[in-house]
Each structure stands twice: as C-alpha cells, then as structure tokens.
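First to last, the protein sequences are chains A and B.
Its first residue numbered 1, the first sequence is counted upward by one per residue in the numbering used here.
Its first residue numbered 1, the second sequence is counted upward by one per residue in the numbering used here.
To be clear, the hints were calculated from the coordinates, so they are not data collected in a lab.
A couple of the hints might just be wrong.
[As the list claims (entries may be wrong)] With a straight-line cut-off of 20 Å between C-alpha atoms, the simulated EDC-like cross-links for lysine to aspartate or glutamate are:
id, chain 1, residue 1, chain 2, residue 2
1, B, Lys140, B, Asp169
2, B, Lys140, A, Glu75
3, B, Lys140, A, Asp74
4, B, Lys140, B, Asp95
5, B, Lys140, B, Glu90
6, B, Lys140, B, Glu241
These numbers come from a predicted model, not from an experiment.
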Amino acid sequence: MIAVVRFQMAGYVRSLRVLPPFIVVVLFVALILIQGPGGPDASDLAVRTFADVAAFMFPVWAWAARALLDTQPDEQRALTATAVRGPFTPVWAGLLAAYAMNLCLGVVVLAVPLLQAVQAGSPGSAILTGCALNLLVAVPGTLLGAWTSRAVIPDPGVSLLVLLGGALALLLLGIGPLARLSVPMIEWLRAAHDGPGAFTSDFPAIALHLVLWSLIVGALYVATSRHRP
Amino acid sequence: MSQRWLTPGLRRWAYRLVIMRLENVAFRYRRKDPWVFRDVSLSLAAGTVTEVTGHNGAGKSTLLRVIAGLRRPRVGAVHGRPSRVGYAPERFPVDQPFSVRTYLGHMAAIRQVPGDPVATWAERLRFDHLLDVRLSELSKGSAQKVGLAQALMADPELLILDEPFAGLDAATRDALPELISQLAAAGTTVVVSDHQRCIEALPGVDRLRVADASVTRLTSDTPTTEERVTLEVEVSGDEAESLESKLRADGYRVRRRER
Chain A
1 MIAVVRFQMA GYVRSLRVLP PFIVVVLFVA LILIQGPGGP DASDLAVRTF
51 ADVAAFMFPV WAWAARALLD TQPDEQRALT ATAVRGPFTP VWAGLLAAYA
101 MNLCLGVVVL AVPLLQAVQA GSPGSAILTG CALNLLVAVP GTLLGAWTSR
151 AVIPDPGVSL LVLLGGALAL LLLGIGPLAR LSVPMIEWLR AAHDGPGAFT
201 SDFPAIALHL VLWSLIVGAL YVATSRHRP
Chain B
1 MSQRWLTPGL RRWAYRLVIM RLENVAFRYR RKDPWVFRDV SLSLAAGTVT
51 EVTGHNGAGK STLLRVIAGL RRPRVGAVHG RPSRVGYAPE RFPVDQPFSV
101 RTYLGHMAAI RQVPGDPVAT WAERLRFDHL LDVRLSELSK GSAQKVGLAQ
151 ALMADPELLI LDEPFAGLDA ATRDALPELI SQLAAAGTTV VVSDHQRCIE
201 ALPGVDRLRV ADASVTRLTS DTPTTEERVT LEVEVSGDEA ESLESKLRAD
251 GYRVRRRER
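This is chain B alone, in the form it adopts within the complex:
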C-alpha cells in the first residue's frame, strides 16, 4: 500500500479507497445469551483512526476482537480485513516462560519481520532496559509496552489497540498518540478503545459508541458527554503522577498545570 510516488494528500485520498466493512454484524457469546451488539454496519477506511467508547462491559473489547478477526460474528460478515493485523490486548498475557527479548524474537519470527524489530521497538517505547527481564516479572505498564511492541512491529495494515494507555508512564502516554497518527498517515487503519481519553485530541478521529447492544458512529455535533465541569486539584509533586494515572484510569480528562 505504499504509493511513494503520490503526494501526501493524494496518498491519504488513495488510502481511503481501501475500506474494511462490517455488514449487519451481530455477536453474542452463546446461543441463549443476550446480544453484545447487533445490526452493526460500518466502514473503516485505511488511514483513519477510530476511537471506540462506551461504559465498562458495554462490549468494546468484543467489538475490537470481531474487527481483529478473533471472534466470528454470529450474524453478518466482516469484509476487506487486511492481512497484516496488529492487536494489543487490554491485559497482555505475562504468564509465559520467556524473557521480553525471547518473546518478542519469537513474535517477530512468526510475523516474519526482517531486521531487528525487537531492539527498534524496545527503544521507541522505552523498555530497552527490560529486554532480559522475564515477562512474569514486568509491571503492568511494561507488559503493556511489550503488547504494543508485538502489535506494531510488523507494520500492520489494521491496528487494534484495546486500552493501550492503561498503566503507561507519562512519556510513553504522550508519545503514543503521535505514533498512532504517523501510522494512520502511512495508511494503517487504527481502532482504539481509550478510557483515558488520550487520543481524543488527535485531529480527525472517528468515534464509535458501544451501548445498549448497538454501535453508533458519533458525529462532531453528537454530544459525547453531558455538561462538563472543571475541578482544580492541588497535590504534592511526588503524588501527581499516581493521581493523574488514577484519574485517567477512571475516565477523567486530566490537564496538568505546573506552578
């Protein structure tokens, strides 16, 4: 998909012709279970970033798994899914007997990635000092970075990120939206669920809301929230990081103002 002879504008236009479609998709886990969502028809154009929102348990992760091809819809079909899919789960499975380097080496071999993607992505996501640590000894944020690295290393055409910002340190959390933006500009279809609301500042983000067994595309004039109030909270410098993480994890927008 790399039409390098096109100007950036024409390239973005050309990417949008490549569209993945969900047609009348419905999903439930078992035959007599209630539907997680139904009658879902939507398009995901190449080079776009789509944010999936919704309450806990609304079915965001299930929708992401259906889009990634990890769950088959009970009804309907998914068309035009690219062959190179990167998927980073909400909780990376650390219960594996590998060091970070060995694990990512195996994933790079499975994905047939040339070169040294392990060192490259470890440096980009700032976990190169953890390469020889066992997966089971990683903190939540570090494990999240390993999950992101295995999803990103193969230059995916479809990138699915399930709560990628949870537990990340501030530097990586700030860098990730830019990385997502670059991938989208290169033609990757990015679908992100993001309780921390770290990507809402990205320009041109499409939004899907999962609620009441349906998936709705939010337009810019659709109110995403009710009336918002700004609170100012003062904390000591050493508590700021943990409080910010907690508030973001609870779904609040956080802006830091240094004094």
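Next up, chain A with everything else stripped away, as it sits in the complex:
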C-alpha cells in the first residue's frame, strides 16, 4: 500500500501536475493571507482566517486530488492493479496519496495564518481547532476530487464541470433545508465569525458532520470502485 502511495505521489510531483494547485495556493498566501489581521480584533480575525482558508481550500483540494488520481495512464492503473494483492488496495492507495498531497498543500497555505494567529495572541485552543478543521476538510475535498477523477468520469471536460458544479452545489445545499446532506461549510464559517469561543465549542458537532459525510461518500466511492474499468 505504501509503495503504491509513493509511486502515485512521485508520478504527480515529477509530472509537474502539482504546480497549478501549488501556484494557486502560493498566490492566495502572497496576495491575501500575507496582509494579516490588524486592529483591536486581530486575535478574532486570525482565528476566522482558519475557517476562511478551509472554505477556500475545499475546491482546491478537490482539484488537486483529481489531478493526482488522473496522473497515471489507464494502462498503468491496470498494471498497478495486477501488481498489488488486494482488490481495493489501489483505491485506498490513491485516496491516501491524494490526501497526503493535500496535507502538504495545507501546510503551505496554513503556515502564514498560523504565525499570524500566534503573533496576534489568539487562544491556543482556537488555533488547534483551526488546524484540525483544515485537516478534516481536506478529506471531503479529496473525496470530491476522487469522484470526479477519470476512473469515474472519463471525459475531462465533464469531470471538471462536475467538480466545479459539485463544489458549488455543496455550498448552496449548505444554505437551504438540506444542509445536513452537504459539507458544513456555512456552519464552520458562521462559528468562526462568532468568535474563538463559539468556533471551539461548535467544532465537535462540525467535526462529526464532516466525519459522517466523509465516511458515507468515501464508502460509496470504494464500494463502487470494483465496477469501474
């Protein structure tokens, strides 16, 4: 499993497919995050940034995961499938490689907000909550990317539309009465904007929602993988 993960990550990095999301993240940091929070509410604003970063990164993580899973040619996917022992190993390895790569992007994007939050004197618990939120949001982001990868949607144009449409649909679904079916983006943004206390106290419910959503969507992805070519 680890060897397949390393193989996929190495292919993604060596093919330079990692560059587009990396450049987007660096630009986001350089143009927006680097300015940092100021004024009397600097501490609260610094915590809020973690939630904003998670919301911004959700589609970026999906895009990066899709790109990683699409790096291998179809025939190589077949060779990898015959090389491993378990039928689900390539699927798990692909998800793990995409998540690990997304965590690397997360480290790049969170380094500056983390420093700013520490400098602004934000509560340690709120900073940890912000980091944990990003760790968790990277999972559904990765899964959305996996559902739009070439193994599921062979047409690249259609898969990109589904990725963008899916991210937008999840955001819109979170506003209406069917919010429980969506990723709780509105909830974590609202909690962070209510202050560090609310952000920390609301986090367990948000985390549970994220975990349940990821478990269901991830289980469906793995279960249907055997029916894909």
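Fit chain B to the supplied structure of chain A, relying on the hints for placement.
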C-alpha cells in the same frame, strides 16, 4: 507451489492439479453493447502455456484482461485465479515521468520483490543500457521489454502476455519462448496472444480461438488455417530485419534461410 522434493515429472503432474476456471463467462463493455464473448467455460491448469488467437478486434485482449482480473465478467465467474499475476499489455504506457530504473524500482517495491530484480531482468531482456532513459524516450520494442520485465519480476503464478513479441528485436524474440517455457515448467500458468506466431513452435501449447463472440479450444486436429503456401522472398541483408518484423506483425510465419 515449489515442491522441490518431487521429480520434474511428478512436479509437472502436481502443477496440473492447480486449475483456474472460467465458468459461463460473458463480457460486454456496456449494457446494450454486443457481447465480446459469451458462454465461455474453460480451465487453465498451472504449468501450461495457452495461446489465444483470433482476428484483430475479435476480443483477445478483452479475454486476457478478464483472465487477469482487470475486467469483471458481466455473467459467470472466474475461479482459482492465483494471487501473483503478471500482466504485460500490448502497448506499454510510456507516458509516465520516470526513468526505466525508477519505474521498475517502484514496480518492484509494489510487488514486494526482494533483491535487485531491476538489474536482473534488464540484463535478461537485454535493456540494461536503457535503465537511465526516460520511459517517454523508449522505442516500441524497448518499452515492450520494460512491460515484460515488470510482469515477470515477481515470479508470477499467472502470466498474461498481450502480443509480447511486437516490436522486439530478433534476439529477445528468439529468447522469449524459451523463457515462457521455463516459467511454465516451474508451474506458472501462461496465457499469450501472439499474432507473430513466435510460440507456436513450443511443444504442448494449448490454443484458444476467439471469434464470433465465442472462445473455442483448438485441438491438434482442428485446422488453424486454410491451405498454406510457402513464398520465397529475397531481400538485401540490411532490409531483412525490418521486413521480417513487418511480416511477423502482419501475422505471417517467417523462416529465415541464410545463403
């Protein structure tokens, strides 16, 4: 599967008890597509070599993929597939950002092969001078050798080779049937599609013909071809290699006679 205390004859007999079976297998790509093949029931005993024949587009590669476990049959089931499967595709995917050495190193790690299989197989298949070349820069024949190496390196119990001779140089083309024969003698189930007819000279090769959405086992008294005619063609020495490759690629038997 290595009963080293048995005599070679008893070992071959013991291998044949290990059988992989396709039972009433049918396959088509999509629900409303025509069947590529249906009602396929056959056994593949360990230690045998099976040649899959048929016209272009008859479904040979699809059958090989079903046997390898890369495609699930729509109907029926495949039983007793060994866990170590080596598969060499008709066209090796060269569009990958690795050198030959790095790629095979990754495949060896995935297959958990001990030792230094990359150097061993590069030497056996005569591409050790290409180990630091990028996959995308390989010729068709060299890429084919890399595909063969990744399939062979893990001592497979089931070896599927889809047109393995296409594009190979004469030396490797001559050596490969012997290698296949050795693997079969060691208990590997080998299934090969071979338009170049390079393995037909191997003794005891089973033959399957894929045609008209069915798979037929050919017996020795089944005519594989219509009446055959031998033509003699004279070419200059520097053209001989390329013409021989072309004729083999077109499915003709070629015998070279030096003057």
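Each hint, compared with the structure:
{"no.": "1", "hint": "B:Lys140 with B:Asp169", "result": "10 Å, holds"}
{"no.": "2", "hint": "B:Lys140 with A:Glu75", "result": "15 Å, holds"}
{"no.": "3", "hint": "B:Lys140 with A:Asp74", "result": "18 Å, holds"}
{"no.": "4", "hint": "B:Lys140 with B:Asp95", "result": "12 Å, holds"}
{"no.": "5", "hint": "B:Lys140 with B:Glu90", "result": "10 Å, holds"}
{"no.": "6", "hint": "B:Lys140 with B:Glu241", "result": "15 Å, holds"}
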